[in-house]
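Colleague: Quick one: dock chain against chain with the hints and give me the complex.
Chains as they are written, first to last, in my numbering: chain R, 10 to 159; chain Z, 29 to 550.
Any given hint might turn out to be false.
[Stated by the list, open to error] Below, in silico cross-link-like pairs of lysine-lysine (DSS-like), each with a Cα-Cα straight-line distance of 27 Å or less:
| id | chain 1 | residue 1 | chain 2 | residue 2 |
| --- | --- | --- | --- | --- |
| 1 | Z | K238 | Z | K252 |
| 2 | Z | K117 | R | K53 |
| 3 | Z | K303 | Z | K491 |
| 4 | Z | K238 | R | K145 |
| 5 | Z | K353 | Z | K509 |
| 6 | Z | K135 | Z | K160 |
| 7 | R | K91 | Z | K371 |
| 8 | Z | K132 | R | K145 |
| 9 | Z | K55 | Z | K117 |
| 10 | Z | K238 | Z | K117 |
| 11 | R | K145 | R | K101 |
| 12 | Z | K399 | Z | K353 |
| 13 | Z | K135 | Z | K117 |
| 14 | Z | K55 | Z | K135 |
| 15 | Z | K135 | R | K53 |
| 16 | Z | K371 | Z | K509 |
| 17 | Z | K303 | Z | K509 |
| 18 | Z | K399 | Z | K247 |
| 19 | Z | K132 | Z | K160 |
| 20 | R | K53 | Z | K160 |
| 21 | R | K145 | Z | K135 |
| 22 | Z | K181 | Z | K135 |
| 23 | Z | K509 | Z | K491 |
| 24 | Z | K160 | Z | K181 |
| 25 | Z | K303 | R | K53 |
| 26 | R | K91 | Z | K117 |
| 27 | Z | K247 | Z | K55 |
[Said to hold, decoys possible] Partial chain R-side listing against chain Z, Cβ under 8 Å, derived:
| id | residue |
| --- | --- |
| 28 | I34 |
| 29 | P56 |
| 30 | A59 |
| 31 | L61 |
| 32 | G63 |
| 33 | I130 |
| 34 | G131 |
| 35 | R137 |
| 36 | P144 |
| 37 | L146 |
| 38 | N149 |
Rather than coming from a laboratory, the hints here were simulated on the basis of the structure. Beta carbons: idealized from backbone N, C-alpha and C, even for Gly.
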Amino acid sequence: MAQTIFSTRNPQMRDFAKRLIAYEIRANKSSGTKALAAFPVCEKLRPHLANLMGNNGFRALLSRALVRAEADVPSLRSMQVKADGSLAGLDKLEVQASPEELARGSVVLVAQLLGLLVAFIGEALTLRLVREVWPKLSVNDLDFGKGDKK
Amino acid sequence: MKNQNAADNGQLTKKAVSQPAKVTIRKIPTGVRGLDDILGGGIPEFSFNVIAGSPGSGKTTMAHQILFANATVKTPALYFTVLGEPALKMLRYQQQFSFFDESKLGKAVRFINLSDLVLNQDLNAVLAEIIKQVTAANPGLVVVDSFRTVMRKALATAGEIEMQSFIQQLTQFLTSWEATTFLVGEYGEEEARGNPLFTIADGLFWLSQKVERNSVVRKLQILKVRGQDSVPGLHTVRISDAGLQAFSRTLGFERKKTHPARRRRLSMGIPDLDKMMGGGVLEGDSLLIAGPSGTGKTALATQFIAAGLRNGEPAIMAIFEERPKGYTDRADSFGLNLKTPLKQGKLEILYLRPLDLSVDETMQEILDAVKRVDAKRLVIDSLVSLEMALAPGFREDFRESLYRLIVALTGAGVTILSTVEVEDAFTGFSFSHYTISFLTDDIIRMRYVEIDGQLRKVMVVIKMRGGNHSKDIREYVITNKGVVVIHPRSTDYDGLTTGIPTRTGPRKAQEEETAPEPKAKK
Numbered sequence: 010m011a012q013t014i015f016s017t018r019n020p021q022m023r024d025f026a027k028r029l030i031a032y033e034i035r036a037n038k039s040s041g042t043k044a045l046a047a048f049p050v051c052e053k054l055r056p057h058l059a060n061l062m063g064n065n066g067f068r069a070l071l072s073r074a075l076v077r078a079e080a081d082v083p084s085l086r087s088m089q090v091k092a093d094g095s096l097a098g099l100d101k102l103e104v105q106a107s108p109e110e111l112a113r114g115s116v117v118l119v120a121q122l123l124g125l126l127v128a129f130i131g132e133a134l135t136l137r138l139v140r141e142v143w144p145k146l147s148v149n150d151l152d153f154g155k156g157d158k159k
Numbered sequence: 029m030k031n032q033n034a035a036d037n038g039q040l041t042k043k044a045v046s047q048p049a050k051v052t053i054r055k056i057p058t059g060v061r062g063l064d065d066i067l068g069g070g071i072p073e074f075s076f077n078v079i080a081g082s083p084g085s086g087k088t089t090m091a092h093q094i095l096f097a098n099a100t101v102k103t104p105a106l107y108f109t110v111l112g113e114p115a116l117k118m119l120r121y122q123q124q125f126s127f128f129d130e131s132k133l134g135k136a137v138r139f140i141n142l143s144d145l146v147l148n149q150d151l152n153a154v155l156a157e158i159i160k161q162v163t164a165a166n167p168g169l170v171v172v173d174s175f176r177t178v179m180r181k182a183l184a185t186a187g188e189i190e191m192q193s194f195i196q197q198l199t200q201f202l203t204s205w206e207a208t209t210f211l212v213g214e215y216g217e218e219e220a221r222g223n224p225l226f227t228i229a230d231g232l233f234w235l236s237q238k239v240e241r242n243s244v245v246r247k248l249q250i251l252k253v254r255g256q257d258s259v260p261g262l263h264t265v266r267i268s269d270a271g272l273q274a275f276s277r278t279l280g281f282e283r284k285k286t287h288p289a290r291r292r293r294l295s296m297g298i299p300d301l302d303k304m305m306g307g308g309v310l311e312g313d314s315l316l317i318a319g320p321s322g323t324g325k326t327a328l329a330t331q332f333i334a335a336g337l338r339n340g341e342p343a344i345m346a347i348f349e350e351r352p353k354g355y356t357d358r359a360d361s362f363g364l365n366l367k368t369p370l371k372q373g374k375l376e377i378l379y380l381r382p383l384d385l386s387v388d389e390t391m392q393e394i395l396d397a398v399k400r401v402d403a404k405r406l407v408i409d410s411l412v413s414l415e416m417a418l419a420p421g422f423r424e425d426f427r428e429s430l431y432r433l434i435v436a437l438t439g440a441g442v443t444i445l446s447t448v449e450v451e452d453a454f455t456g457f458s459f460s461h462y463t464i465s466f467l468t469d470d471i472i473r474m475r476y477v478e479i480d481g482q483l484r485k486v487m488v489v490i491k492m493r494g495g496n497h498s499k500d501i502r503e504y505v506i507t508n509k510g511v512v513v514i515h516p517r518s519t520d521y522d523g524l525t526t527g528i529p530t531r532t533g534p535r536k537a538q539e540e541e542t543a544p545e546p547k548a549k550k
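So here's chain Z without its partners, still in its complex pose (with noise of 0.2 Å):
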């Protein structure tokens, strides 16, 4: 019996492993750069889309995007207007863009303008047209913009159930004749509910545009694709020349590595430093430098990347607020020469334009620089200024924001080193305003200190999450070498993290001194 039953189960397995395989889905490339990693690999072939929003969104963009990415000669595209944006136009502008190929026009692209047909005639004149273009063409591709105008005609003269045929039997000859179909169309989020056509379509693409303080910020939501696991939520998207360009909300997520089993400490350029923090910063590590204005965390930034650079580390330096001539400058102030890896491709510092800038944006920047150079350690400087040059909608995400980027930069393989500025409070020690120090695998404070009727700094490592690391607080001063340690740590004090520290040691006589701290060259 038992035997009957393996025997039994053998055939069961063998029957199994011989079912016809499961249709395979073929995914069409959008054109559009991030929007298939959000689709979860591009647009089902064969499906009926929508895609959706508000004027000025996109839309339009969207569908000639998508059309000249995939349309030929062998497997045309047509594009039907419908009282919407005339064609001659619609060339007009989006001949601007990057992406339009003047040479698919006419064989591999047609316009065919549906308009004097939809204003005096029929829904069924509209569909028997559409059926004799599409059968005269068999093509891969249709796009009928604007389809909103066609459901109001179809509202106007007939019945919704007339405009429900009709959207059915469009549908179902579309899928039939094998073309993916976009629909375009203005609605608004309330008509997204109970509509027939978001009902029947495969993929729902809904574009939209808010307006915060004085920035617009773009966005799109995948509402629906059938059969396949798209990113949820709201995504970020720029039009540039290029086009439409999409910004998965989580963008870089599925780059995340884990650390290798032991990892490099890397010299932060400073001797000293490098000392306290048990041999330097681990590699693929997240460091965070807080510190009042003029503490010299740019200076310890600099010599951190400089550091790299000598070691053969290419490096970034993802910069919002001063241009990267005073990077430069600082650096040849400070004995280290970062025009030649910036001329060689070994350094590349990102100023990015502030005051309208998405997180994504920045991120997938930042990520193609990184890969660009092959970058080992990157600098944010700061995440204040980084803050500032986001447009207003954004910020209220800020932290989390912050989380996707360092997560995603890490994931990326890369030591990162963030500067932050905080203000000094004399009752506290505060890391950071934004309570962002869990997502830093490393944090080093530094601070303004009164000693002995002069404002000194002091650093000291907070934290390190890969190992131990020195307790002391130590003075530093700002040289023509940038940052340099100095003295080890005082016992003479109480409270120095708190900038106002109490004398415990005896008072030593003090020089009439000159200023401690030279500044750097100009």
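Only chain R is shown next, with the shape it has when bound in the complex (with noise of 0.2 Å):
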């Protein structure tokens, strides 16, 4: 199968997501290791997507972006989508998974979310987009690749 901008494979959007993560574990001064590190990159997201397409639809798109994500990481199965598109079930992961596995599951997730975005709204807005969320957060040398869109 082709890699797509969907793919944890897909090495660009792996490193974004990385370095999003990276970049809030700095800021939130948290250790990373065990607490699903996805989670408040995911929850500041959240209020901007939720003003553009409302709770439901943010709701939606994290629920596809966990579902595709599950499918690398399994152990993510324990997780939920709320109704106000805030994620449940956090304290069984961390209980099932290894702090490394937890680790490539935020990664994973966050990447998956993001590859929805550059799907749907493209990549420069996408960019835009995070760079609201991180004003401070470097994306200049990203670029997610030619011809990775589905």
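Modeller: Here you go:
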């Protein structure tokens, strides 16, 4: 199967997700080893995206990203997306998954969420949105590659 | 007493002069080509407008175009989405248009989703949220899309009075807040009557699309714009990569200018025909060349264009059937070079794609080209194929459209040569089946006649509005020089115009001859 923007094997998208997560970990001064580091990234994106698409819209998008991420990291199946678009099931996941799996799950989930955004509204608008949420994060060197949209 | 009156009058005049000036309403550009002219200059600032119409008619695209044309960081635009097309999908599709400016998103153009609020709370909460967002952002433009959804919710949960109150409060607030507002919604034409929203609106833009046979025609009607003189009627709209473009049904009329007192005679590129026309066609005239297929109308048109180019007059050929290469090749075969002026930008051959054109679009394309090359001559080849190129919905009004086309183009100072196919009846001598001869200043009729066992060609100048012309019926041939008029008028025949003349003169000895008209080189 060809690599797509949704694929967690897409190195650019994965790197982007890693960068966002690392930025959030530094900003929150959290170790990021145990808690799902994707959580604060998704939480920060939630109000901005909900403003655009409503809570229901954001919930649908995150649910889709989660389902896609579960294919790569099965332990994410213990997570759910609540009606307001926030993530639930973190406690259960932290018990079940190793720190490495948690870290990988975070990257995969954020990459899937960003990948969906890129597929829907394109790279330029996704980056603009990310810049709005994390104005100090450098994204100028990012390149998601050409022709990798589904 | 008289003096007293005069003094009073003087005072009155003085008072009248010193009266405060009436308010000047600034007009906001729409960013939609052609729409500002239709509206009478643009959208009145601080007005409360409804963009209504059927699905797919371009309502959302129009709203986006207006926003992107006007929104700035200092005067941003707020786009409230309500249960209709989610903003994410809007962004996905709207970014395909060239007017979409990604750099404006977030700061100059902001999207706010009100769906949850409309679903879960009442109208007061919706109004409170709009007031909160508008107060915070201080926008110059506000869009609510789809307002129809808000209205449905209002009617389902509250009463009509509550709905009217909501509209009233929203209008008052947004106008007081110096915002120009657009409420977008799907409405049927029958809903326009008695709808309080439409009553209260300052501007009402109605978009529709009509399917006729296999083609779709989009139309725009400005049902009202308070305080300014908009162009009434249905205007054609096209949606392309650039977004919406509107074509006023009076397009080009404003350019009409009177002919100069002394007009030049322009050569047709055929010396004998120039003589027949009293020295050539008058500058700024509309000339119709009518004749059946194969009589050389296109050849004559090509010579007309070439003569102009030789004289330093740029030209446009609007063609609808044959491809441009056919024209340049034909010109080559007549020893006329069209390729060089094409390359130099002195000639444009507009091959207008057939089957779904509107006359207004055609006119706009031609007017744009005329402006681009500063054209002095224009050929429309032919009116029949132009009619065929139109969407069926436009063919009904072809005669009226043609009138507008010709008036607009001659108004632009261009000399027009149009060709029209007519079927040769051997009982009559028609000029055109459109009965459009009144639209043209000059008419030349070409036709076949049977003489001495040959099907020959004759031409005659039927009318020249601007002066005298020859009444001679002249035989012509098409050679490798194009149309060439041969022989003086024949006095040996009667009834040439019927196509089956009667010999009146002596029969001359006939020579066996080869084909008198060498075919143009391929």
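Colleague: Decide, hint by hint, whether the structure agrees.
Modeller: Going down the list of hints, with the structure as the test:
no.	hint	result
1	Z:K238 with Z:K252	21 Å, holds
2	Z:K117 with R:K53	21 Å, holds
3	Z:K303 with Z:K491	14 Å, holds
4	Z:K238 with R:K145	51 Å, violated
5	Z:K353 with Z:K509	18 Å, holds
6	Z:K135 with Z:K160	17 Å, holds
7	R:K91 with Z:K371	65 Å, violated
8	Z:K132 with R:K145	19 Å, holds
9	Z:K55 with Z:K117	31 Å, violated
10	Z:K238 with Z:K117	25 Å, holds
11	R:K145 with R:K101	33 Å, violated
12	Z:K399 with Z:K353	23 Å, holds
13	Z:K135 with Z:K117	19 Å, holds
14	Z:K55 with Z:K135	23 Å, holds
15	Z:K135 with R:K53	18 Å, holds
16	Z:K371 with Z:K509	23 Å, holds
17	Z:K303 with Z:K509	18 Å, holds
18	Z:K399 with Z:K247	26 Å, holds
19	Z:K132 with Z:K160	22 Å, holds
20	R:K53 with Z:K160	22 Å, holds
21	R:K145 with Z:K135	17 Å, holds
22	Z:K181 with Z:K135	30 Å, violated
23	Z:K509 with Z:K491	26 Å, holds
24	Z:K160 with Z:K181	21 Å, holds
25	Z:K303 with R:K53	83 Å, violated
26	R:K91 with Z:K117	23 Å, holds
27	Z:K247 with Z:K55	23 Å, holds
28	I34	25 Å, violated
29	P56	11 Å, violated
30	A59	7 Å, holds
31	L61	4 Å, holds
32	G63	4 Å, holds
33	I130	5 Å, holds
34	G131	6 Å, holds
35	R137	6 Å, holds
36	P144	11 Å, violated
37	L146	15 Å, violated
38	N149	15 Å, violated
The structure is inconsistent with the numbered hints 4, 7, 9, 11, 22, 25, 28, 29, 36, 37, 38, although it conforms to all the rest.
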